[in-house]
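From first to last, the protein sequence lines stand for chains W and V.
At position 581 of the first sequence (counting the first as 1) the number is 581 in the numbering used here, and the numbers step up by one without a gap.
At position 280 of the second sequence (counting the first as 1) the number is 10280 in the numbering used here, and the numbers step up by one without a gap.
Please keep in mind that the hints were generated in silico from the structure rather than gathered at the bench.
Be a bit skeptical, because a hint or two may be false.
Derived lysine-lysine pairs resembling BS3-like cross-links, with alpha carbons at most 30 Å apart [unchecked claim]:
id, chain 1, residue 1, chain 2, residue 2
1, V, Lys10136, W, Lys947
2, V, Lys10310, W, Lys313
3, W, Lys461, V, Lys10298
4, W, Lys461, W, Lys1079
5, V, Lys10156, W, Lys1090
6, W, Lys453, W, Lys1120
7, V, Lys10305, W, Lys888
8, V, Lys10040, W, Lys1090
9, W, Lys453, V, Lys10310
10, W, Lys453, W, Lys506
11, V, Lys10297, W, Lys67
12, W, Lys67, V, Lys10305
13, V, Lys10298, W, Lys866
14, V, Lys10286, W, Lys453
15, W, Lys75, V, Lys10305
16, V, Lys10197, W, Lys706
17, V, Lys10310, W, Lys225
18, W, Lys947, V, Lys10197
19, W, Lys614, W, Lys967
20, W, Lys1079, V, Lys10310
21, W, Lys1090, V, Lys10163
22, W, Lys461, V, Lys10297
23, V, Lys10160, W, Lys1079
24, V, Lys10298, W, Lys947
Counterexamples of contact, computed for chain W against chain V with all Cβ distances above 10 Å [said to hold, decoys possible]:
id, residue
25, Glu121
26, Gln365
27, Lys476
28, Ile665
Interface residues of chain V toward chain W, partial, derived using beta-carbon atoms under 8 Å [said to hold, decoys possible]:
id, residue
29, Glu10031
30, Lys10053
31, Asp10058
32, Thr10060
33, Leu10174
34, Val10178
35, Gly10182
36, His10189
37, Asn10193
38, Lys10197
39, Phe10207
40, Asn10209
Just so we're clear, the structure is a prediction, and the values are computed from it rather than from any experiment.
Glycine residues also receive a C-beta, built at the ideal position from the N, C-alpha and C atoms.
Residues per chain, in single letters:
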Amino acid sequence: MKPASTSHYSPYNNICAIAMESSSKRRKLEHSGSGIKHTNLIDFESGSATRLSTASIFTLQTDELLKGAKIDYAKTLKDADEQLYKLKGIIDSIEGHGPQPLGEATSKFEKKHRITVPYPEPRPAKDAPYQLSFEKPAQVNVVGSYVARSMVKTQSRFCVDMIVQMPKTMFQEKDYQNMRYFYRRAYYIAYIASQVRDELGDSMDLSFEFLHDNRLLPVLLITPKSAEDNGKSVSQKKKKTGSSGHYSIRVIPCAPGDLLPTSKLVPSFNSNRGNEKDDKNTTTAQRGTPFYNSTLKAEATFVTYLRILTRAKKDCPAFPDACILGRTWLQQRGFGSSISQGGFGHFEWSLLLALLFQTGGRNGQATLSNSLSATEIFKAAVQFLSDTDFNKKPTILGAFNGTLDAVRETGPVLYDPSTNLNVLFKMHPWSANLLQQYARSTVDLLSDEAADKFEPIFIVKADILTQIYDATFTIKSQDMTKSSGSPDRRGAVSEFSLEAYKLLKKAYGSRAQSLHIKSPTTSKWPLGANPPPEFDHIIVGVAFQFPQMSRQMEHGPPAEEQKEAVRFRQFWGEKAELRRFKDGSILECVEWQSRLPFQVCEEIARYILARHLKLTQEEVSFHGPGLHSVLNFSNMDKDAFDSARKAFQTFEHDIRTLEDLPLQIRQLSQVSSYARYSSLYPPMLGFHTGSIQPMEVNMHFEASNKWPENLIAIQEAKIEFLLDIDRRLTGAHENITTYLGRENRDVGVENLAYLDVVYENGAAFRVRVHCDLEEVLLGRQVMNKTLDHYIRDEAEETLASVNWQYTTLALHTQMIATFCTRFHALSQSIRLVKEWFNAHKLMGHISEEVIELLVLHVFLIPYPWKMPSSASTGFLRTLDFLARWNWKEEPLIVDSAESLTTDERSAIYKNLETWRKRDPNMNNIVLFIATSHDQSGRAYTRRNPSKLIASRMTRLAQAACKLAKEKDYRLDPVQLFETSLTDYDVLFHLSPKAVKSILREAAAEPGVRKQSQFKNLDDRTGKVPLPIRAHPIEVLLEELQRVYDDTLIFFRAGVEGFADEDSDHIIGAIWNPRLQQQKFRAGLPYNIRKVSDAEGDVVEVNRQAVLLEIARIGGEMIKKIEELEEDD
Amino acid sequence: MAPQEASSESFAILTIRMRPLPSYPTSTTHEIRVRRNAPKIPTANDDRSLFLKNIPPDSTEPHFRAVFSSLVGPGRFETMTFEDHKTHSPGVDPARAMKIHGFAKKRKRGDIEEEEREREEEATRLPEIWTRQLQKSSSTAVVLLADEKSVQLVLKAIGKLQKNKNYPVWGENLADEVPSLGARWLSSHLQLNRVDKTETKRAVHAFFNTYNRKEKEAAELAKRLRNEPDEDGFVTVTRGGRSAPASRNEAEEAKQRMLEKQDKKKSDMKDFYRFQLRQRRKDEHKALLKRFDEDRKKVDAMREKRGKFKPET
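Construct all of the structure, not just a fragment, from the sequences and the given hints.
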C-alpha cells in the first residue's frame, strides 16, 4: 500500500492559504503558539475563516445532501426503541435447558414448536456425538447504524441489528471445528425464535434469513405488522410516503470475544475437516478454509467493533456524516455488506474509517485526522481505496508482527490485527477490483476541475450492468448449486463463480479490462420451512480492451518451453495447436473462427466454460451483442475510413503540385463526416450504389489584397478560381473528371459554386474556396451602425455560416478524427448514436456535428464510470447524459484541448445566463455548446434544434434510459431504435421507386436516351454516375421547409439510410403549434381559410389545401399522405 | 412582408377549387385574398393592378392567366410579379464606386442607359438551376390587367363567385406549357445543378468586365472630384494619395499593429510596482469570496428545485 501522508488530506486548500496570506499578522501570532494543531492554525470559529474553508461548491452540495439524507428517527422508527426494549426483556427471560444429545434435542424442538432449526448445510447427522443446550445470553445489545444514527432515507430497508451474545459456558474447546459452533448457533437462534414467537404472538412477522447472504449464519428477522394498533388512517398515510414505518429487527446471535482460538483460525488452517472422509482425502484437508475461519472470527467481533466505532464517533464529530457519505457512494454503485452486493457496505466503510483514524499511515501513524470535515474524510477514504489493491497484497491496518503469508488469501485482504480478522472476507476478488475501479474514477473526478463532481459521485445510480459492461452473459446451470464439498462453506454458487472467474480471466487475458460476476441474493424464509436453495444462475459482465478484442489468435509459449506448453495445452484443450509464424518462431496458439470482435469474445467464453465447467451452449446466454447488429458493424469499417483519408492525401498531392496558380494554396481542409470516422455508414469508394458521395473539402488561399472589395464580386471571382483549377487539374491528370456545381441559392453574398472532382477509382471531392476578405467585409457590415438593421442582421447570419463552414467545421473534423483514433470505441459509439437520432427522425434538426460532440463529451467526462470501452456502453451512456442534461440552465462544455480555465468556464455559464434572460422563450440557441475553439457556445446550434425538438430529444432519451434501467442486462437494444409514428400529425409516405428513378436520372447527363424499360438498351446502364448536389429527398425537403417554414415541422431520417431497398421512406410532420385561429392580417405567413361560423374576419390554417399543395409539389415522389387522428 | 397593410380597403375572397390527387384523394378549396393594389409608394400602373395574398406555392403566370380568363374572359390579363422574385439584390458595384457615387451629383439615368444596364445584367446572369420556382406559402403577387375597367370586372366576378359557387379550377385550361413539379422537377434541378462550364465562364467574364469598368470609372470620378470644386465652391476630400488610392485593408492592418503595440506596452508594466502586486492579490481574494457566494446561491437554487440532492434509486 502506498502510504498516504496526512498533508495530502489537509484542509488547507489554496483558499485558506490565500486567506492566511492576506492576514499575515495573525499567521505570525499563531505560529508562535505551542502545539500546532489543525484547529489552532485557522480560527474556524471566526466568521470569514469558516466561510473560506468550505468555499467549494462540492462541500456545500454534500452538506445539502446530508441534510436531506438523514432519516427522522422519531418518525420512521417511531416505536423501535420500545420494541427493542420489549424484545430484550423477552430474550433475557428465556429459560435455558441443560445439555441434550443433538439429534434428540433437534427432533424434540422441531416437533414441539414447528420450527425447522436452520442448520447450515450439511445438516448435522442425527447421531452426532455432541450435546446441545440453551443458556441465558451473556449480553443483549443493539449495534449497527441504528445506534450510530447513520441510516439514510434511500436505504432499501431499515434494519435494527440486535446482537445476542451466547455465553461461553455453552461451548466446548473444539467447537470451532467441523461446523460445531454453527450448529449450536443455529439451534440457539431457533430456540430464541420459538420463545419470541410465543411471547409476541401475532403482532410481529417472524422469519429467518442469512446474515449478509452468508449461508453459515441464519438470523431471526422480526418485522412489525403494518396495520396495527396505531390506527388505519395513519398507516395508510405512511404507506403513501414510502418505506417509512417499515423497519425490521434482526436478532443476531454471536460469540463471546475470547471463545475462539484465533491462532488456529489463520486463513491457511483447515478447521472444517468434515466428519469421516477426513483421512481419505488429505489434499482437501490440507487446503485452508479462510472463509469459514473468518466467519467464525467475525462472530466474536461485534462488541469490539461497536466499541471502536463508538470511539471514532466520539473522537471525530464528522464521523457519522462521513459514514453517510460513504454509504451513499457505495449504495449508488450497488455495493453493500452482503456477499451478493460485493461484501463492502456501510459497516466495512465505517470500520475502515475508524481504523484509518488510528493507523494506516507511515510508521503506523494515523492516516486521517479527527479534525477533518466529512467531505475531507470521504475524499481521503476514497483516495485510500483507489491506491490500495486488496487482491494483490494483504493490507494490514495496525501493528502486526506476523508475516504477510500468514494472512494471505486468494481473495482480497484487509487485515485488522487487533481482532485478527480479514474485514473483507465476504468480498470476492472481482468486487474488490470493481471497488477500486470506482474509487479510482472518483478520485480522477475529484481532481478533474472541469467536471461537475457532486452528481456523478452521489446522485447518479451507477449499477446498471449494460452501462458498465460491454458484454453480459448469464450462466444458468443446475450443476452450479451442487456443492463441491469444499470445506470452506462459501456456498456452491460462490465456489462456482470463483472457478468461472479464474477461467474467464485467464482465457480473456489482455482482452478484458475488468470482469465481474453478479450472484443473486438470498431471501428470507418462514420459521417452519427449510432454507431456500441457492439460485442457479449468475451474471457475468465484461469490460473489454477494445483494441485487443478482435485478436483472432491466442499466442502461447514457444514449443521449446515444454512445461509452459503443456500447461497451455491443458488449458485450451484440443483447440491448441503448434504453428510456425512469419518471424520464424514456433508457438503454441489457438485460432478463433469468428471475425467480429464481440463474436470472438463470445466464442472464447463459451469454449472455455464448456471445456472446464462442462457448460452447454444453452446454459450460457449472451445479452450484449444486439446493439452491434443494429448497424452491422464490420471489421472492415476502419479500413474504409482509412482509405477515404488516403484518397484525400492523393487529392491534396495532386492539387498542391499544380504549377503557376495565381495564388498559393495555404491549406486544404476536410469537413465531411467521412473524414472523421463518424459517418453513419463508412465511405465506399467506387461506384457501388449508383450514386457518388463526394467528400467536402475547403480550399484556403494565401492572403491577398487582389480580391475585389465586394461580396458578390468575391463569389464570382471564386467561380473563376474554380474554373481555373479545373482547367489545370484536368490538364495535368487524366484520371480525373470534374463538374462545376451550383449551390442552391441566387446570386448574393454567399458562396455560389463548388467543384466536384471525381477520380477514376470512385473517390470524389467537393471543393469550395475560402476567401478571408469575405469575413472582413461581413464583419465590417455587422459593425457598421449606419446600415439598416435588417442588413446588419443578414450580414451577421452570413458571417456565422461562413465561420461555420470554413473555420468551425474544419477544426471540428480534425478534432473528431484525432479522438476517433485515440479512443477506440468512439467512432462506433458516434455512429450508433446517430442511428438512434435517425430512427427517431431527428436527423434533420440536430446536426451530425452536435451529435459527435455529445458522444465525445461522454468519453471525455465519463464519470462515475470509466471511459466507455465499446459502442454499447458509449451509446447507452450518451443516452443517459441526454436524459439528464438540463439544457435550459447548463451549457455543454466540450473542452477537448483541456485549455479552458475556470474563469472561462464561468464566463460561459454567465453567457448562457444572459442569453436566457434575453430570450426566455428560447426561440434561438436552445442547446448551448461551447468547445475549446469556440467559447461563444453558439457556433454549433445557431439555427437548430428548436426548443420543441430539444425537448423531444430529452424525452426520448429519458424513455430509453427508463427502459434500460428496468430491463438492465435483459434489454433488447432493437427496442430503443424502434421508430414511433404515432406522435406526428401527418405522415408522408415516399415512393422508393420514384426516388430511385430520380436518382438514376439525376446522376446521368441530361438528354440521354432512357425510354427503354430494358436495362441493356438504356443508355445510362454501365455509365459512371455523376455527382449530384444532394439526395432528391433532401432537395424536396429543403424546398418544403422553405415554403412551409411557419406551417409545418418536418421530421426525417438521414438520407444515407435511403440507399437501402427496404427501409420505409416516411417523413413525419406536425403542424406548427403556434397556428391558432386569429384575425386576418395581410402578413400571416401560412395558408389561410376563413372560419365560416365566426364573427369578423377570423382565419385558420387551411390544412387540406396545404397537404394537397405538397401532393402537387411532390408528384410521383409522394405515394400517400396520411393524416393521423389527434388523441387530445 | 406586405407593404400594403396600411390600406383600409378590405380583401375579397377568391375561392379556387383544387382537384384531388392519388396521394391525397381529397377535393378542397383554396382562398386567395384579392384587392386593388395600393402600395405606399404609388406607381404608374396601380390603377390597373390587383394585389393578391395567399397564393398557392405552385403558382405560375399561366395558372393565373387561366383563372382570370375563366373569371372575365381572355385578353384582360397582362402580366404578374411574384413577391419572392422582387428580392432586393445588394449592390454589385465596387466598394469604392458606391462611395464615390454618393459624393457625386445624382444623374438621371436615361432610357438608353437603362437598356444598356439590362443587357449587361442579362449577360452576367448565371445559368438557371430550377425549371420552376416555388412561392413561399401564403405569399403575395401583383397582377397587372389590361385596364382600369378590368379591375372592376374582376372584383365583380369574384363577388358573383361567392354566390353561384362556380369556382375556377386550379391548373385547368393552361394556355402555355408549365414545367411539371414532382420527380421530373427534382431530377432536372439536380441535372441543371451541374452547370455548364463555358456558359458560366462567359457570365463570370461579363460580370467582371462590367465590374472593372465601373471601378475604373469610379477611380476617374474620384480623381475628378479631388480637383473640382462643387457648386458651393467646396472640394471633396477623397481617399488616397496622388499615386494610388489607399486600400481599406492596409489601413485596418496598420490599426491592428498599433493596437498590438499598445497591448504589449501595457503588459510589460504589469506586476512592476509593489502596489500592483498587492492590488492583484486583493482582487483575487475578492474574486474567491465572490465565487463562493455565487456557489452558495447556486446550491440554494438547486435546493429550491428539489430532488437534486436526493440520490437516485
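Structure-based check of all given hints:
no., hint, verdict
1, V:Lys10136 <-> W:Lys947, "holds, 24 Å"
2, V:Lys10310 <-> W:Lys313, "holds, 25 Å"
3, W:Lys461 <-> V:Lys10298, "holds, 23 Å"
4, W:Lys461 <-> W:Lys1079, "violated, 52 Å"
5, V:Lys10156 <-> W:Lys1090, "holds, 20 Å"
6, W:Lys453 <-> W:Lys1120, "violated, 52 Å"
7, V:Lys10305 <-> W:Lys888, "holds, 14 Å"
8, V:Lys10040 <-> W:Lys1090, "holds, 27 Å"
9, W:Lys453 <-> V:Lys10310, "holds, 15 Å"
10, W:Lys453 <-> W:Lys506, "violated, 36 Å"
11, V:Lys10297 <-> W:Lys67, "holds, 17 Å"
12, W:Lys67 <-> V:Lys10305, "holds, 15 Å"
13, V:Lys10298 <-> W:Lys866, "holds, 28 Å"
14, V:Lys10286 <-> W:Lys453, "holds, 24 Å"
15, W:Lys75 <-> V:Lys10305, "holds, 25 Å"
16, V:Lys10197 <-> W:Lys706, "holds, 24 Å"
17, V:Lys10310 <-> W:Lys225, "holds, 28 Å"
18, W:Lys947 <-> V:Lys10197, "violated, 43 Å"
19, W:Lys614 <-> W:Lys967, "holds, 29 Å"
20, W:Lys1079 <-> V:Lys10310, "violated, 49 Å"
21, W:Lys1090 <-> V:Lys10163, "holds, 16 Å"
22, W:Lys461 <-> V:Lys10297, "holds, 26 Å"
23, V:Lys10160 <-> W:Lys1079, "holds, 24 Å"
24, V:Lys10298 <-> W:Lys947, "holds, 24 Å"
25, Glu121, "holds, 34 Å"
26, Gln365, "holds, 32 Å"
27, Lys476, "holds, 28 Å"
28, Ile665, "holds, 21 Å"
29, Glu10031, "holds, 5 Å"
30, Lys10053, "holds, 5 Å"
31, Asp10058, "holds, 5 Å"
32, Thr10060, "violated, 12 Å"
33, Leu10174, "violated, 14 Å"
34, Val10178, "violated, 11 Å"
35, Gly10182, "holds, 2 Å"
36, His10189, "holds, 7 Å"
37, Asn10193, "holds, 5 Å"
38, Lys10197, "holds, 5 Å"
39, Phe10207, "holds, 5 Å"
40, Asn10209, "violated, 11 Å"
In this structure, the hints that do not hold are numbers 4, 6, 10, 18, 20, 32, 33, 34 and 40, in rising order.
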